[in-house]
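Can you join these two chains into the complex? Each is in its own frame, and there are hints to help.
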Amino acid sequence: MNRFAIRCAAGLSVPFLLVACSSAPSSTGSTGSDAQVTITVGDRPSSSDAANRASFDKRVADFEKANPDIKLNPVETIWDATTFQAQAAGGQLPDVLNVPFTEPQGLIARKQVADLTKVLKDDGLMSELNPNVLKIAQDQSGNVFAVPTAAYSVGLVYNRELFTKAGLDPNKPPTTWDEVRQDAKQIAQKTGQAGYAQMTTNNTGGWMFATQTYAFGGSIENEDGSQATFNDGPSKDALQLLHDMKWVDKSMGQAVLYDIDGISKAFAAGKIGMFMSAPDAYRTLVNVNGLKSSAFGIGPMPQQGGDHGTLSGGSVQIVSPNATDAEKTAAIKWIKFNYLNKYVNQDAAVTSAKAGVAGKLPVGTPGLPVVAADQWATYQGWIKPYVNVPLDQFAPYTKVAADQKIIPEPPVKAQEVYAALDPVVQTVLGNAKADIPALLTKAAGTVNAKLGR
Amino acid sequence: MLFALPVLLVFVVFSWGPIVKGLVMSVQQTNLIDPVKWVGLENFRYVLSDPGVGQAALNTIWFTLLALLFGFPVPVLLAMFLSELRGRSWLYSTLAYLPVITPPVVAILLWRFFYDPSPSGMFNTILGTVGLGPYPWLDSPSSAMPSIVLEATWAGAGNAVIIYLAALTSVRADLYEAAELDGAGVVRRVWHVMLPHLRGVLLLMLLLQVIGTMQLFTEPLLFTGGGPQGSTMTILLLIYNYAFVNGDYGAATALSVLLALALAVLSAVFQFATRGWSTE
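As given, the protein sequences belong to chains A and B, one line each in that order.
Each residue of the first sequence is one higher than the one before, counting from 1 in the working numbering.
Each residue of the second sequence is one higher than the one before, counting from 454 in the working numbering.
Treat the hints loosely; a few may be bogus.
To be verified - With the C-beta cut set under 8 angstroms, the calculated list includes, among others, these residues of chain A facing chain B:
(1) Thr82
(2) Gln85
(3) Gly106
(4) Arg110
(5) Lys111
(6) Gln112
(7) Thr200
(8) Gly253
(9) Gln254
(10) Pro321
(11) Gln415
(12) Pro423
(13) Gly430
Unchecked claim - Far from chain A by the CB rule (all over 12 angstroms, computed), these chain B residues:
(14) Leu455
(15) Leu511
(16) Leu519
(17) Leu535
(18) Glu537
(19) Thr622
(20) Ala626
(21) Ala632
(22) Val639
(23) Phe725
Said to hold, decoys possible - 25 angstroms max Cα-Cα, derived SDA-like pairs, lysine to any residue:
(24) A/Lys265 x B/Ile579
(25) A/Lys442 x B/Ile514
(26) A/Lys405 x A/Pro131
(27) A/Lys450 x B/Ile486
(28) A/Lys172 x A/Gln304
(29) A/Lys450 x B/Leu501
(30) A/Lys442 x B/Phe497
(31) A/Lys265 x B/Leu675
(32) A/Lys111 x B/Phe497
(33) A/Lys250 x B/Leu585
No wet-lab data here; the hints were simulated from the structure.
Bear in mind that the values here come from a model prediction, so they are computed numbers and not experimental data.
Positions of the beta carbon are idealized from the N, C-alpha and C atoms, including for glycine.
In isolation and in its complexed conformation, chain B is listed as follows (with noise of 0.2 angstroms):
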């Protein structure tokens, strides 16, 4: 108990004490400074009847659904192709990883240089010699969105890649000799015994992908502050906008609790839906 009282200090004070306390603030009003008022569930009333945040949780579920659609098979089509590599798989898995080892900030400006709508930017230059684009990139209410899922995808793909490669380690070798002295070509392989082998972590990434897609905020903050034309506003975002920009922390908590209420639901559904997948 003893040695367990520090890591539960730290739970309580960082973790749990802050989501109480949102809790609380959410059926507040306060500047920070002067005693509180209660309000009770006039913040959630305010911000479902915020024209933004119908719009917001739309954006929101829109990048989920392309992050799941390009971002959740990269990774798992890069681990298959990584694991099947004989000799320097690690520099490959290095490269891989890079990636994610470069802070996001800096990440992001880069792309941003990458994604110049003019004709002389550095995707446009480049697929102007095959005759393609100009293209707005992030300049388009239709393009912003999938321009920042590719970044998002390039950015986080490798950690996903390490923890499959992991995962495929564990994979008998005796059992793809096997299925090859069976006839079984790369395909049957993948799907037969590797795939099956995944079940369960894919599952679980499949969760924390959903859960993390869902939390958006840096890529839209530092890509377009939201824009065009609120085509990348994120309820993050607007959490962040209503907590630092308006000053209003009792809309900001208030809709953070919608958002965590939202993910739990997802997650219970998620668990319930996939509980006899994940075990063989």
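Chain A extracted, bound-state conformation (with noise of 0.2 angstroms):
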């Protein structure tokens, strides 16, 4: 019963596992006598990932000759929620840390990341952020928590081959939801693969769901958080058109669960015509999953019923909530030195995409600014020469993404409404009878005790 004793290592144990080495909160970095600030910084590349590597340190050395005054200590620890707060038990966060967009609004609730807002307008990098994007990182009272280093805002991913093969024009993919039923059936029927899918699992089904309900005019929460909203018209159309294609069309396969690495597989395996996402889906698309550049297409968020907006997505970067000021001050000025000096200064743009071509990662794929507008428009300029993805099948993409209204994710507990709404979107996914008022019914009860503990 090997399996049974390791389950019950992994998982009854898991929680109090956590607190196995925890031990009074101490910072990870430390003041030296002669007033060097050390900070550990993660995000490090793995060692299998040699020419990223052998980059980052360049950048790494390259910053300590340029801050004497600092000392990085770098480590290959990424964002994992479990290990997050395993090393958060122990006193060992990383001071600087990648994190996703989904994430900083939960961290903010449980107080896990520092507060940036005085080092940041101390240093003056607060006025060059773009305040649109921003606010994924601002509380309620607009105190600043993460730096945003990459932005992007969900689009719909379409399958070139796919569009062509059914006889859609692939420079044009469908701008509403009653389009994108069409296509879907189109492609369903003269393919035989699925014309649209949506991930439905581990919170990705009620993170999609918000999307979509935003796109319908709808929303999830109201201002403050203290009531869920998606118990409405817009959500349940949203809902009637996702159970139409499935169950009417039939032009959404037999697969319900996807999570994202599941959807990303199947699409790349050219199983999937279209499915929501944003423009850094090329990377694991193209780079990690196998799909011909040449196949992948990104469009604007579909709309229905007018121009609602669409949800944003990318990176953000943390600090410790053990961190000292000294060593708040150290991390932004990594932070601008890793991951923001590109957009400001023309030779880093250069090293920083030539190095990207060098490691064979995606350069220039478009996004969402993170800094003033013209200032983003001068970067993409320097990069130009560099640029490896093809910009063409992004257009229908970036003529309207500028453009588009961000709505940022529920103010709270977002990951907490997402995992009661996944069930939402698999039972209309997977029984044709579902009751659809019933069940936003249900989940909008779940949701309300979920915002009010």
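Structural data, given as structure tokens:
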């Protein structure tokens, strides 16, 4: 019964193990007697990724040379909810860590990130950042807890080859949900593959449902996050559309359970015509899962009954809540140097783009500006010669995305809300007789109980 | 005493310490960084009022029952079959044990591929040749849990087979010979000679299986994420979600304590009820 023993260890004791090594919180950085600050910085590429590791290490060395009073301790830690919590319990969090857009609000609510408002203001970086994107890292009183370093808005990724096979124009992705339905049906009929698919598991079901609800003009929570607001017309319409695509048109294939990994694999294998994702999916689909670059296409988030907006995605840098003021200042300097300098300094932009090309990473993937718009345009000019992604295929997205309204995630307990919405989407896609209003009423009850805690 | 010290230390630091700390955390609210807040039984109240907990408990019991019904007899039968084989039995035991060596993550990713619900999925293609299917496997609330039981039985049977085989080797060969001379067939030999010898081991394995299956975690996490429609959400996966998705360690430890209590009660009842059975 070894596996059972392993399960016991992995499962029952998971929360216990967390605290096994817990001790009084201690900062990972330290301030030496000669006022030298040492900070631990995460996201160093692993040794199996030699080219990117070398380039990262060079940036560390360059930074230390330019800032003799700061010493960096680079570690390979990357964002992972489980290790993050264990490290928080053990007082071992890196001082700087890259986390996805879905996380900052939860971390802010749990006070697991440092408040950077003062250091950002002192540094002057606050005024350089795009205020729309910065919202993702702010609490309700406007304090800033993270620095956005890459931003995208969710759009509609589509397979250009399947579009062509189905007799659709690969340069004209659908821009309304009625068109999505029509195109999905045509793809399913002409190619036998799923015309459209949607993520449903591990909270991605609620996440994408929120995006879709936004595009239908609805919302998930009220402004102060005290009440669920999705039990209304736009959400019902969104679910009804999914239901009809799945059961009337039969354009969504058989599979219901998809997380981000599963849907990426299925899409790269040519089994899916369209799904909601951001332009940074290019890397996952092409570089990781082997989709032909010529088959990748992305359009803006389809809208329904007006121009409502879409959800954002991307990365922010967070600083350990244990960091001292000196360490926070050093952390901001490193974040600027490593992630943001390229947007304001031509040499840094060119060096970073060249390193990206050498490391076989996509360079020039369109996204939302994390710095002010004119600076962003200048940056695009600097890296133009090194761009290695097919910008034409991003054109339908880029033409619209810059002006499309960005709607942030639900303000309170987004992940718990998404978890409560996963089964709603799964039921609609798994049961032809799903009672949509009843499902939404039940989910709203669950969500309200969670928001009340 | 000095020799026992390292073992004792390991137990205190890695087993008992965390258990005690877990008990303490279940009455606290903490973000693991700031000083904790004592909240009394609030975490337990919250957990017990979460409608997800009831469903997860039912799902967990459903899995345990299915695993007992299908997963428990399979290794017993396999072990009996293997012990009856003359020659090359090492080969068959190795084959039976192989799935145990496969890391669970790898096995589950493979099975997820087998369970592809489209007509071109592996199982569906095979069954299609005899006119069956296509079946939704993991993608339907009614078949998701049985699909997980199938994989878990495949993955876990090897361990139990080895233990039963070891128990069977202790059965004296002359007992079989005597039974055979008395004209007993295979079924009667199994019933009157093998099973009585296995009784103690069977009862222990039954208890271990119930405790183990009540803690089902890896399979739903990797196969279905608890879906479809919450049909494979188990108590342990819920604990994991409380802790690592919601960051609510108070609720996670409170539910862990409740599960541990339920298992302790179950074990005690089991021991009491079977006190007379395991001795010959």
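Close enough to count: is the Cβ of A/Lys111 nearer than 8 angstroms to one in chain B? holds (5 angstroms)
Distance rule for B/Leu535, whose beta carbon must clear each one in chain A by more than 12 angstroms: holds (18 angstroms)
Is it correct that the beta-carbon of B/Leu519 has no partner in chain A closer than or equal to 12 angstroms? holds (16 angstroms)
Given A/Gly253 as an interface hint, is the shortest Cβ-Cβ distance to chain B below 8 angstroms? Since chain B brings a Cβ to about 6 angstroms from A/Gly253, closer than 8 angstroms, the hint holds.
Tell me if the straight-line CA distance from A/Lys172 to A/Gln304 falls inside 25 angstroms. holds (17 angstroms)
Would the hint on A/Thr82 stand, with a C-beta cut-off of 8 angstroms toward chain B? holds (5 angstroms)
Is the claim that B/Phe725 lies outside the interface with chain A correct, judged by CB distances over 12 angstroms? holds (22 angstroms)
Non-interface claim for B/Leu511: all C-beta distances to chain A beyond 12 angstroms? With a cut-off of 12 angstroms, B/Leu511 remains clear of chain A, as the shortest Cβ separation is near 14 angstroms.
Would the non-interface assignment of B/Ala626 survive a Cβ cutoff of 12 angstroms against chain A? Its Cβ never comes within 12 angstroms of chain A, the nearest being 28 angstroms, so this holds.
Taking only the CA atoms, is the gap from A/Lys265 to B/Ile579 under or equal to 25 angstroms? Status holds; Cα separation ~23 angstroms.
Hint status (Cβ of A/Gly106 to nearest Cβ of chain B, threshold 8 angstroms): holds (6 angstroms)
Quick one, is the A/Gln415 hint okay against chain B at 8 angstroms, beta carbons? With Cβ-Cβ at 5 angstroms, under 8 angstroms, it holds.
Figure legend: structure checked against the earlier numbered hints; every hint is met.
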